[in-house]
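With the hints as constraints, model all of the structure from the sequences given.
In order, the protein sequence lines correspond to chains E and C.
Take the first sequence: its letter number 161 is residue 163 in this note's numbering, and every next letter is one higher.
Take the second sequence: its letter number 344 is residue 389 in this note's numbering, and every next letter is one higher.
Please keep in mind that the hints were generated in silico from the structure rather than gathered at the bench.
One thing to keep in mind: the hints can contain errors.
[As the list claims (entries may be wrong)] Taking beta-carbon pairs under 7 Å as the criterion, some of the chain E residues facing chain C (in silico): (1) I35; (2) L56; (3) E59; (4) A120.
[What the hints assert, rightly or not] Derived SDA-like pairs (lysine to any residue); straight-line CA-CA distance at most 20 Å: (5) K242/C - H134/C; (6) K249/C - M372/C; (7) K99/C - P140/E; (8) K99/C - F43/E; (9) K99/C - S54/E; (10) K99/C - G57/E; (11) K260/C - V296/C; (12) K99/C - M133/E; (13) K99/C - C36/E; (14) K99/C - S127/E; (15) K99/C - G134/E; (16) K99/C - R63/E; (17) K99/C - N44/E.
Just so you know, even glycine gets a beta-carbon here, dropped at the ideal spot from N, CA and C.
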Amino acid sequence: MTATPDTPRTPPWVRVLDGLQSVVAWASGLALICVTLTVFFNATGRYLTGWSFLGGEELARLLTVWITFVGAFALVRHERHVNIDLVLGACPPHVQRVMRGAVGAIGICVMSYLTWTAYQLSAFSFGTGQMGTTLPVPRGLFFLPVCVGAVLMLIAFAEIFVRAILDRLEPLEVMGADRLDRDA
Amino acid sequence: MHVAVLSAVALVVLLIGAPIFLAIMAGTIITFEAFGPPIPSMVLPQRMVDGVNKFSLLAIPLFIFAADIIARGQIGARLVRLADAYVGHITGGLAIATVLACALFGAMSGIGPAAVVSIGPLVFPALVKQGYSRGFAVGLITTSSTLAMLIPPGVAMILYALQTNSSIGAMFLAGLMAGTVFTSVLCAYAYVYAKMKGVERGEKLDWKRRWDATKTAIWALGLPVFVLGGIYGGAFTPTEAAAFACIYAIVVEVLIYRSMRLQEVFYAANQSAGTISVLLILIAAGTALTYYLTLSQVPQQVTQLLSGASMIEVLLIINVVFLVAGMFVDPNSAIIVLTPLIFQAALAAGIDPIHLGAVIVANVALGMVSPPFGLNLFIGITTFKVSYREVVTAVLPFIGLMLIVLVIITYIPAIVLWLPSLM
Chain E
3 MTATPDTPRT
13 PPWVRVLDGL
23 QSVVAWASGL
33 ALICVTLTVF
43 FNATGRYLTG
53 WSFLGGEELA
63 RLLTVWITFV
73 GAFALVRHER
83 HVNIDLVLGA
93 CPPHVQRVMR
103 GAVGAIGICV
113 MSYLTWTAYQ
123 LSAFSFGTGQ
133 MGTTLPVPRG
143 LFFLPVCVGA
153 VLMLIAFAEI
163 FVRAILDRLE
173 PLEVMGADRL
183 DRDA
Chain C
46 MHVAVLSAVA
56 LVVLLIGAPI
66 FLAIMAGTII
76 TFEAFGPPIP
86 SMVLPQRMVD
96 GVNKFSLLAI
106 PLFIFAADII
116 ARGQIGARLV
126 RLADAYVGHI
136 TGGLAIATVL
146 ACALFGAMSG
156 IGPAAVVSIG
166 PLVFPALVKQ
176 GYSRGFAVGL
186 ITTSSTLAML
196 IPPGVAMILY
206 ALQTNSSIGA
216 MFLAGLMAGT
226 VFTSVLCAYA
236 YVYAKMKGVE
246 RGEKLDWKRR
256 WDATKTAIWA
266 LGLPVFVLGG
276 IYGGAFTPTE
286 AAAFACIYAI
296 VVEVLIYRSM
306 RLQEVFYAAN
316 QSAGTISVLL
326 ILIAAGTALT
336 YYLTLSQVPQ
346 QVTQLLSGAS
356 MIEVLLIINV
366 VFLVAGMFVD
376 PNSAIIVLTP
386 LIFQAALAAG
396 IDPIHLGAVI
406 VANVALGMVS
416 PPFGLNLFIG
426 ITTFKVSYRE
436 VVTAVLPFIG
446 LMLIVLVIIT
456 YIPAIVLWLP
466 SLM
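What follows is the structure in structure tokens.
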């Protein structure tokens, strides 16, 4: 399929981020299915076969921590996290652009801080050699998703900030309707 | 001073339209670095992970996943048919069937808005065709869908229980009692409305056709029976019951009703993972905030501030705070941020923690349908293609009714505490 002349070409960096987002979305979905199956088979196995996977509970918790922090990336990118947009919605478009750019800038600062502190925490935890209680994995794997997620969210907030400067933000009305569909 | 700075930063960041989790984190980080104790900053991400690294918390993502599967399948349609078969012939029958279907749906999904989109499109045209006004139909569906938050397994109930270290099982029973009172009042209003407006009654079905409707819904009805039976029978923890609900819903929708392909389960999982991430990162940020507030002894200061107030006054303050919060932010955010602040003060005033949970969840449920920004109002607008003014006018009588019920369950604790007291 070829692009028509009036179709704007998607910049390569946006395509890279789109690809990354797809990978994160599918990985999060698969992780959720894995959590479901682990908890289910551990519970039913206890009654049906008298056997359950000892590290199952810890594995389910670990995957949920990864879903929480890494999965947040896609939603930050499309500004779909829960927010209060009454002031934003009442402002004229040029003010909205400034406010959304400001959100991007604040997000960059907060996520930079979180990336650094989570990196310190993960490095410290890996450095101690501490292992999970029942799962034979380093305890640092529980803290690593905060660092990875913070880096991804930092990229997403930077994208919003750059789009605000270049005036290439998605229209708010579209996002609102989309968000309602998602909530529904 | 530091609480004023924290509140000011969070408020400014919120008002420019930032995600709530970002506003909480911005406020917490700035005050922690400026006024916090001399401990390493990496304690904040550690607390965030602690907030979501709990086995009992897994019940929330798993019930959300189950709700997404149910919302995509046929269970909702079969529940409407079942409820209509039994009560459709009485005055206000279809409206009562709508309330009962939403209540049954709530016993499977646990999420407020899900019933609006699952049950709403099925009953809205039929309600209007039978003579109910569009406003009444929209108000009835949007309000009834909030029953899912009260009737177990309500996600908001689990969230409150985790925030306060209360028993999830006891919270479910308290929610069941509160949900039953709400359901009864909504059914009574539907009856009175239909009687006053002279709405025509539906056809009375013979027992053979009722049995047919029951047979088609029997697998759907099995879900709450197994889930709640498993929890109260001691066979499963709430988290295990939630995983069971997911597998049960998949088996019923994919293999028995054949309304979904296995591929759609993966799509549902993708969608659920997004919803879960939105909620859990809020919990993670809320845990860091709670940690900082506890270090700063803010809950103790709130307790001291309310120490002269009677139990009724404290309950009134809680009602107002959560009701207003529910009008502006989503129910889960309100519970995560505000519950740790008032919990100690409520206990000091002699309020039972289970009763408090039922009151808080009922308040935020009411907030979901309250103008100006109740989430269900906007879902109603997109689902039924009605104007904001139409939906707000439609829900006002229902809000009045729910306020009356709220007063009853707030000031007569025995109503919600009766079942938990039998545990």
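Exercise for the section: List, from low to high, the hint numbers that the structure doesn't satisfy. Expected result: 2 and 6
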